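Engineer: Now for the letters of each chain:
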Amino acid sequence: DVKVTQSSRYLVKRTGEKVFLECVQDMDHENMFWYRQDPGLGLRLIYFSYDVKMKEKGDIPEGYSVSREKKERFSLILESASTNQTSMYLCASSPLGIGSSYEQYFGPGTRLTVT
Amino acid sequence: AQTVTQSQPEMSVQEAETVTLSCTYDTSESDYYLLWYKQPPSRQMILVIRQEAYKQQNATENRFSVNFQKAAKSFSLKISDSQLGDAAMYFCAYRRPLETSGSRLTFGEGTQLTVNP
Numbered sequence: 001d002v003k004v005t006q007s008s009r010y011l012v013k014r015t016g017e018k019v020f021l022e023c024v025q026d027m028d029h030e031n032m033f034w035y036r037q038d039p040g041l042g043l044r045l046i047y048f049s050y051d052v053k054m055k056e057k058g059d060i061p062e063g064y065s066v067s068r069e070k071k072e073r074f075s076l077i078l079e080s081a082s083t084n085q086t087s088m089y090l091c092a093s094s095p096l097g098i099g100s101s102y103e104q105y106f107g108p109g110t111r112l113t114v115t
Numbered sequence: 001a002q003t004v005t006q007s008q009p010e011m012s013v014q015e016a017e018t019v020t021l022s023c024t025y026d027t028s029e030s031d032y033y034l035l036w037y038k039q040p041p042s043r044q045m046i047l048v049i050r051q052e053a054y055k056q057q058n059a060t061e062n063r064f065s066v067n068f069q070k071a072a073k074s075f076s077l078k079i080s081d082s083q084l085g086d087a088a089m090y091f092c093a094y095r096r097p098l099e100t101s102g103s104r105l106t107f108g109e110g111t112q113l114t115v116n117p
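The listed protein sequences correspond, in order, to chains A and B. Going by the working numbering, the first sequence opens with residue 1, and the numbers climb by one from there. Going by the working numbering, the second sequence opens with residue 1, and the numbers climb by one from there.
It should be emphasised that the hints constitute simulated quantities derived from the structure, not laboratory data. Check before you lean on any hint, since a few could be wrong.
Unchecked claim - One side only, chain B facing chain A, incomplete, derived with CB under 8 Å: (1) Arg43; (2) Ser103; (3) Phe107; (4) Glu109.
None of these values were measured; they are calculated from a predicted model. Idealized CB from N, CA, C, for every residue including glycine.
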């Protein structure tokens, strides 16, 4: 069964802390993604990676960085958390390809609160 | 850049009735995919249905069907015989098929569907 797991369901951090959100997939997918979800804004892409050590900026990369040292793991890093980064963070993965069947599979999300 | 718009933040339907969720998009491309995702209270995103732009026939998956109007750039989701388990946030999404670096999705704002018993 396809599985994407995220390290925490809920996380509370203080302003200025360095925050790591971890995502692991067990499907041997090449592509991995980080989104943030906010009410009225839908999901917005922060960063994605199409191979180990490769990354590309999404639509809202400011204030975030990512790391992909192994194929199955994709980390989102908030170097210095701020209150405007309070949000739901969703990780997804998909196989490499251009066909219609290459859908994205999502993790359960991490609700991050920065106080 | 592509944009996706869902103009209905909230919708409600009576159990066993039919409801239609609206989605419009903007793109200059001719080939692409459109998708509807469901996010129940568990927060797990589930792909409901997918439509290839080059196909004229509307996609159907059991009680879920779409009305794809390419010229109007409209992609609505129809849920027939609504069930309590259909209550969720629904997201419309756009995907480019020829993008090798990620097949990234562009999402709409979401529509919260309530099903009343």
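Engineer: Give a verdict on every hint.
Structural biologist: Hints and how they fare:
{"no.": "1", "hint": "Arg43", "verdict": "holds, 4 Å"}
{"no.": "2", "hint": "Ser103", "verdict": "holds, 6 Å"}
{"no.": "3", "hint": "Phe107", "verdict": "holds, 4 Å"}
{"no.": "4", "hint": "Glu109", "verdict": "holds, 5 Å"}
Hint compliance for this structure: no hint is broken.
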